[in-house]
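Residue numbers (the working numbering), protein chains in the order written: chain A, 1 to 358; chain B, 359 to 516; chain C, 517 to 887.
No lab work stands behind these hints, which were simulated from the structure alone. Accuracy of the hints is not assured; some may be wrong.
[To be verified] For each label pair, taking beta carbons as the anchor points, the in silico distance ranges come out as:
#1 Q396/B <-> S734/C: 44 to 54 angstroms
#2 T771/C <-> G305/A: 49 to 59 angstroms
#3 T864/C <-> T394/B: 36 to 46 angstroms
#4 V415/B <-> P729/C: 20 to 30 angstroms
#5 N286/A <-> Q396/B: 49 to 59 angstroms
#6 I704/C <-> F103/A: 24 to 34 angstroms
#7 I704/C <-> T430/B: 47 to 57 angstroms
#8 Q536/C <-> Y495/B: 21 to 31 angstroms
#9 V42/A <-> Q698/C: 22 to 32 angstroms
#10 K722/C <-> Y495/B: 30 to 40 angstroms
[To be verified] Below, computed lysine to any residue pairings styled on SDA-like, alpha-carbon distance capped at 20 angstroms:
#11 K335/A <-> K722/C
#12 K810/C <-> A478/B
#13 K373/B <-> H389/B
#14 K485/B <-> K722/C
Given the structure is predicted, the values throughout are model-derived calculations rather than measurements. Just so it is clear, CB atoms sit at the ideal spot from N, CA and C, and this is done for glycine as well.
As a plain string of letters, each chain reads:
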Amino acid sequence: MWSLSQIAGSIHEWLSTTFNPTIALILEMVIAGVAIIGLFAVLGLVLVIMERKVAAWIQIRLGPNRVGPKGLLQSAADTVKLLVKEGMTPDGADKFLFNLAPFVAMIVAMLLMAPIAFAKDFQLWDLNIGVLYVSSVSSIMVISILMAGWSSNNKYSLMGAMRSGAQIVSYELSAGLAILSIVVLTGSLQISEIVQSQANGWWLFKGHIPAIIAFVIFMIAVTAETNRAPFDLAEAESELTAGFHTEYSGMKFALFFLSEYVNVFIVCAIGATLFLGGWMPFHIGNWEAFNHIMDYIPSSIWFFGKTFFLIFLIMWFRWTFPRLRIDQLLNLEWKYLLPISMVNLLLMTALAILGWHF
Amino acid sequence: MFLKDYIKEVYGAVKSLVVGMRRTGYYFTHHKEIITEQYPDNRATLKLADRFKGEVVMPHDENNEHRCTGCTACELACPNGTIKVVTKFDITPEGKKKKAIDKLVYHLELCTMCNLCVTACPSDAIKMAQTFEHSVYDRSKLTKILNNPGSKIMEGVE
Amino acid sequence: MVEELGKTMEGDLIINVGPQHPATHGVLHLVITLNGETIKNVEPHLGYIHRSIEKMSESLTYRQFIYVTSRMDYLSAHINNHACALCVEKGLQVEVPARAQVIRVLMDELTRIASHELWWGAMAMDLGALTPFFYAFRERETINEIMEETCGARLTMNYMVPGGVLQDLHPDFQRKVKEFIQLYKRKIHEYDELVTGNIIFQNRMKGVGYLSPEDAISYGCSGPVTRGSGVRSDVRKIYPYEIYDKLEFDEVLETGCDSFARYLVRVREMEQSVRIIEQLIDNIPEGDYQAKTKAVLKLPKGEFYQRVETARGELGVYIVSEGGTTPYRIKYRSPGFSNLSVLNKIATGSKLGDLVAMMGTLDLVIPDIDR
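Here chain A stands alone, though its shape is the one from the complex:
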């Protein structure tokens, strides 16, 4: 059967038979890098058009429908527009940091791609602390936002960056605790093992109510961490015009935009891996025929399907809810989400020790 892991395997085989091991390794790295950049571009295009269509349909509009069939090439046209636009650097800005910030945002997003299992046996780097790696690297994101906000020398940008700092630091906690509650069940931080442990059922179903609570908290926390509405205080357009990227234009703005969407994809991929079984197909108990049909669907489709479902959920949040105020945002985290997730973690630990999960 055709699968991503087979393609990767055959490329590896061909490279190692044709070249000596060092060159083969370098070439593999180059291929992986190019593939990641390609994935970035494709994700950016797909997610932007998806967001615009979701927004349009929710808002009883048609959405982009002019460029390409049904407007599907709209985001490609937008990319061309952003590329040819002038990339302004304001006079009063700290030019080095100002120009560096969007690239930091992109590099963080790229680093986060490494441990994600896109399909069966198809993973760039299956390190044994995968989940820890993701949650620690994703907190570097705040540095790029602070950098952008501070170096712009603009009061709106500075306020946006400060808000974002407070927000991301707080919501890391509940996201971390929600991840921990799955780690407690799995007993491993390695992403491939977490996926493997869900071969007989996803943690969302196996872990009873604590897993569902953890899932909800995880979704709320990552929405806040990626600065998406209703937690988009860093770029609250009615208060701060555009927040931390007010002064950015052209491709530098596009990089922030792209990194936001890629971050959404990554957190949703992590959510799908932890709670929805990653690339594992959907199985119901002893229904052999049904399970067999499910197995027939390629694992990459399972992974992307689950991830895009979660992305849709986050988009749905965005186009439904009003924005929180900064003190309410912190209240929500420290007074509600954090206590709930702590109690939840305790419950989950008890569940895991007693072995009550399936």
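Fit chains B and C to the supplied structure of chain A, relying on the hints for placement.
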């Protein structure tokens, strides 16, 4: 007791959010509710209300005759000086001099479509047209002469 | 802490919100002194869209000056025109036909609903929920179509003239209005689901922007802003004009004094307006739509004042006549100006995000403030 209130609060909050999401989810899945009008494409079917105030025009009949007597009521009624009536004297077949319009100059760029000139006109010579695509590349094109060249007043209109 | 508010200190952040800013809905300019996220002082700067409408009106005749007033509070253009027409009629001692009175009230109430619909959408948009704006515009579009059909324009109608209305109602008017009322009743629960009942929205609005009844009176506020503080101020009830004294409707009062109370007043006012329309739509009397007036209107020497309730509050028109064809002096008492003046009072001490919510509940239309 405190715990009960806390749980109740969280439940109420989550419920209100889910209700909102159900509403937007309904519109997401029901595409027949979409209200977008694709304007330049639906030009053929676009029908404006028959009273829509687009611009002032002077209707002419098939003999190139209009109903304007040149009484300047519209010029006086206009708040912005949009209309300028330039009169001349025609010689009637009986050899008498008769006042008639030479040009009725209409400045579309000044007009606010208030309809006061149309209601002021005693002989129904001008009316509002239902056009609305008025943009041009040169401002001078917005200054229009409403009566056709060579037109004259209709018989019997005083 | 309280004494410090209002003084600029070392480390305070002064930001300019506007004249080009997404939250000001126009060219209002607010100079905000911030301490972190907390507002210490708000200073509105006006004049960016001053067109000297009062001075312009002095050179126009009594028929002509009414059209200019549509450009003041453009969201309640009908009601502005209505106030001017009433004031001129007061001077001329003209009796307006019953049919014209009913038409005028119907148009006023439709305008009020349209204005509140737009406010509702913009209010939610200020708070970051972009979707309700489109739902509000769907209903507002129906009203705009009714206006377009009968008055010939969607925003600046110039339909009220001294002595009545400019044209008779369109034959489809009653059917269309009934359709609108049906649509409105079918969709109104969405407003609750999406915004009013939403926990985030309630938390953003409740207890924010406290305006005590005493302050509301002393700052000269009017309309939903005062009624949100529990002060009776509906001109339609207190100084009834046209046929409002014969109609059954409630003056909406809320005692919360905060942004949420002002929000609820407007949402409930829409229901009251629908109630008024329902009473009148089947009972439009036959007859003239315009009283017979002279071609050239001349007001007698004297001073005339008329107040009406626009969607934003009390609009007063004050005409001083020297007996000529144009007014000697015209003064408009616009509701937005007085309502804006409380902004510093209610915003001091709250967060920057709340300022947007408060400006939303004051329902500012900048051309109305500047004129």
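Against the structure, the hints:
1. Q396/B <-> S734/C: 44 to 54 angstroms: At 52 angstroms between Cβs, range holds.
2. T771/C <-> G305/A: 49 to 59 angstroms: Holds: the Cβ-Cβ distance is about 52 angstroms, inside 49 to 59 angstroms.
3. T864/C <-> T394/B: 36 to 46 angstroms: holds (43 angstroms)
4. V415/B <-> P729/C: 20 to 30 angstroms: With Cβ atoms ~55 angstroms apart, the hint is violated.
5. N286/A <-> Q396/B: 49 to 59 angstroms: Given range 49 to 59 angstroms: holds, Cβ gap about 53 angstroms.
6. I704/C <-> F103/A: 24 to 34 angstroms: Check failed, 50 angstroms falls outside 24 to 34 angstroms.
7. I704/C <-> T430/B: 47 to 57 angstroms: holds (51 angstroms)
8. Q536/C <-> Y495/B: 21 to 31 angstroms: About 28 angstroms separates the Cβ atoms of Q536/C and Y495/B, which means 21 to 31 angstroms holds.
9. V42/A <-> Q698/C: 22 to 32 angstroms: violated (47 angstroms)
10. K722/C <-> Y495/B: 30 to 40 angstroms: violated (54 angstroms)
11. K335/A <-> K722/C: holds (19 angstroms)
12. K810/C <-> A478/B: OK: K810/C and A478/B at ~12 angstroms, within 20 angstroms.
13. K373/B <-> H389/B: violated (25 angstroms)
14. K485/B <-> K722/C: With a Cα-Cα distance of about 53 angstroms, the restraint between K485/B and K722/C is violated, given a limit of 20 angstroms.
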